[in-house]
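Q: Please model the complete structure; the sequences and the hints are all you need to start from.
Listed here are the chains, written in short residue letters.
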Amino acid sequence: MSVKTPSKLEKILSSGNLAVTSECGPPRGSDPKAVTKKAEMIKDYVDAVNITDNQTSVTRMSSLAACIHLKLMGVEPILQMVTRDRNRIAIQSDILGAASFDIFNMLCLSGDHQSFGDCPQGQNVHDLDSMQLLQTVHLMRDEGKFLGGADIKRPPQMFVGAAANPFADPFEIRVPRLAKKIASGAEFIQTQCIYNVDKFEEWMKQVCDRGLHEKVYILAGVTPLKSVGMAKFMKNRVPGMDVPDDIVKRMADTPKEKQPEEGINICVETIERLKSVEGVKGFHIMAIEWEEKVPGIVERAGLYPRPEIGAEN
Amino acid sequence: MIVADKKPVEEIIDYVTDCKNILVLGCNECVTVCEAGGKKEVEVLASTLRMCFLNQGTEVSIDEITLERQCDHEYLEEIRDVADRYDAIISLACGVGVQFMAEKYHSVPIYPGVNTCFLGATEKRGLWTERCQACGNCMLAITGGICPVSRCAKRILNGPCGGSSNGKCEINKDLDCAWQLIIDRLKALDRLEDYEKICSIKDWSTDRAGGPRKVVREDVQS
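Just so you know, the sequences run in chain order P and X. Counting in the numbering used here, the first sequence runs from 1 upward without gaps. Counting in the numbering used here, the second sequence runs from 1 upward without gaps.
Hints are computed from structural coordinates only; laboratory data are not their basis. Check before you lean on any hint, since a few could be wrong.
Claimed, not checked - Only pairs whose alpha carbons sit at most 20 Å apart, straight line, appear in this in silico SDA-like list of lysine to any residue:
id : chain 1 : residue 1 : chain 2 : residue 2
1  : X       : 202       : P       : 139
2  : X       : 187       : P       : 170
3  : P       : 199       : X       : 166
4  : X       : 214       : X       : 123
5  : X       : 202       : P       : 92
6  : X       : 202       : P       : 214
7  : X       : 197       : P       : 212
8  : P       : 180       : X       : 181
9  : X       : 197       : P       : 183
10 : X       : 173       : P       : 57
11 : X       : 202       : P       : 138
12 : P       : 145       : X       : 202
13 : X       : 202       : P       : 293
14 : P       : 293       : P       : 41
15 : X       : 173       : P       : 163
16 : X       : 197       : P       : 163
A: Structure, rendered in structure tokens:
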């Protein structure tokens with residue numbers, strides 16, 4: 001796949017290196033240090049950092065503003081954008097705003113339903129869906145056009161990604177759905193957290209059988225478990241999450257004080273096993289409010305040091 | 001049909017608390033079918049109000065009429081001679097009927113007696129569910145006859161999202177995932193390959209987004 005943008009993440013993937021991304025959730029406040037402190041912890045261990053966009057529909061500092069903080073400290077941001085809160089005017093406007101700060105990566109999502117968050121009485125927008133957002137970014141980047149047809153002066157140069165959940169229902173359309181995202185313009189994929197590696201492998205096999213792994217870079221998502229409570233919560237309460245019983249049991253059989261360490265062991269083992277799965281081109285490590293553990297995971301998984309490839313500016 | 005639900009009686013009492021002559025006006029169409037604003041519900045509401053005023057010791061006259069429709073000039077004219085006698089009319093029609101009444105009878109306050117909810121169907125007695133959001137640009141032909149605009153909580157046109165679990169929507173375990181229904185239906189029609197067709201960006205200007213809408217048919221205007 002030829003390089004189309006100045007994105008460092010794209011260059012690393014295109015060079016054949018396993019990429020490593022992580023993510024930071026912006027704060028429920030305006031302190032920039034809440035973002036920069038997390039980024040400081042992980043910046044030498046990952047190639048790019050996702051900034052979530054009002055995840056679980058809880059109001060937070062804007063993803064774009066937090067991305068700018070990262071960019072200014074020399075960390076490559078991945079702007080997450082959900083279609084829940086913005087119509088096509090705001091979406092295009094925010095893409096231009098991000099492009100004005102030379103933010104070169106974007107992840108297109110529909111977003112959690114607002115009923116999960118702190119404004120369940122609010123409207124949702126969904127003027128576009130995630131696939132249509134992918135199409136929009138491509139139109140703006142590749143054709144230099146707005147959705148309204150006018151030309152864009154200095155079009156954005158975004159490496160465009162999407163999420164994929166190999167574990168959601170119905171399983172039979174999980175691969176066709178990925179194909180649709182690729183056809184809509186997804187160039188990289190970050191998957192849902194993988195605990196059920198067997199099922200993930202089954203999905204990846206179908207992905208490879210269709211040759212989709214040659215059309216998109218797939219970053220396997222992992223999240224270290226902090227406790228058996230978290231494992232049970234993820235298993236029972238988070239829609240579209242597949243935590244097998246043996247993982248829950250392994251956490252439950254571990255003394256409480258050792259559970260965080262065991263969660264990290266599981267995470268590192270998962271990465272090790274996923275490295276040999278055909279089509280996996282990198283890892284997306286989502287250490288939720290546990291960013292300080294990312295460097296250790298990256299080191300133990302043999303993914304450190306990171307390649308010395310810079311973004312163009 | 002238009003599905004409505006009864007308003008809390010306390011809210012209605014608040015509207016008419018100082019009135020002496022009240023008309024409770026039902027509608028014989030959709031709100032009768034969904035048992036929110038037909039003749040039967042008019043009787044129940046009128047009786048409740050009478051009891052309530054009686055308990056307060058206030059003398060209030062409450063009449064009951066149910067029209068064939070409240071969204072039609074012709075039927076609304078039936079109360080032309082009596083409308084002025086009332087200092088409040090509680091309309092149990094949908095929002096269309098309430099507004100049409102208010103447009104026609106300028107000097108009498110019209111209050112809504114129901115909450116108008118959605119365009120839907122009766123699944124069984126006592127259970128009505130949404131089927132249409134009147135987006136003005138029907139796409140049921142490509143989604144196997146199941147509408148993602150009205151039945152997907154995120155009205156995702158290229159679904160399902162990652163929150164579909166065991167055929168149910170992430171926001172409520174009692175709610176079917178519209179995209180699971182679409183996929184099941186496409187499969188039954190042997191058209192699952194249609195799933196991979198990408199639905200392009202929708203023109204929402206025919207939806208609420210385009211402002212109040214009208215349908216003009218000069219061919220049938222006299």
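Q: Against each hint, give a clear statement of whether it holds in the structure.
A: Hint check results:
no.: 1; hint: 202/X - 139/P; in the structure: holds, 16 Å
no.: 2; hint: 187/X - 170/P; in the structure: holds, 12 Å
no.: 3; hint: 199/P - 166/X; in the structure: holds, 16 Å
no.: 4; hint: 214/X - 123/X; in the structure: violated, 30 Å
no.: 5; hint: 202/X - 92/P; in the structure: holds, 16 Å
no.: 6; hint: 202/X - 214/P; in the structure: violated, 30 Å
no.: 7; hint: 197/X - 212/P; in the structure: holds, 16 Å
no.: 8; hint: 180/P - 181/X; in the structure: holds, 19 Å
no.: 9; hint: 197/X - 183/P; in the structure: holds, 10 Å
no.: 10; hint: 173/X - 57/P; in the structure: holds, 19 Å
no.: 11; hint: 202/X - 138/P; in the structure: holds, 17 Å
no.: 12; hint: 145/P - 202/X; in the structure: holds, 18 Å
no.: 13; hint: 202/X - 293/P; in the structure: violated, 43 Å
no.: 14; hint: 293/P - 41/P; in the structure: holds, 9 Å
no.: 15; hint: 173/X - 163/P; in the structure: violated, 23 Å
no.: 16; hint: 197/X - 163/P; in the structure: holds, 19 Å
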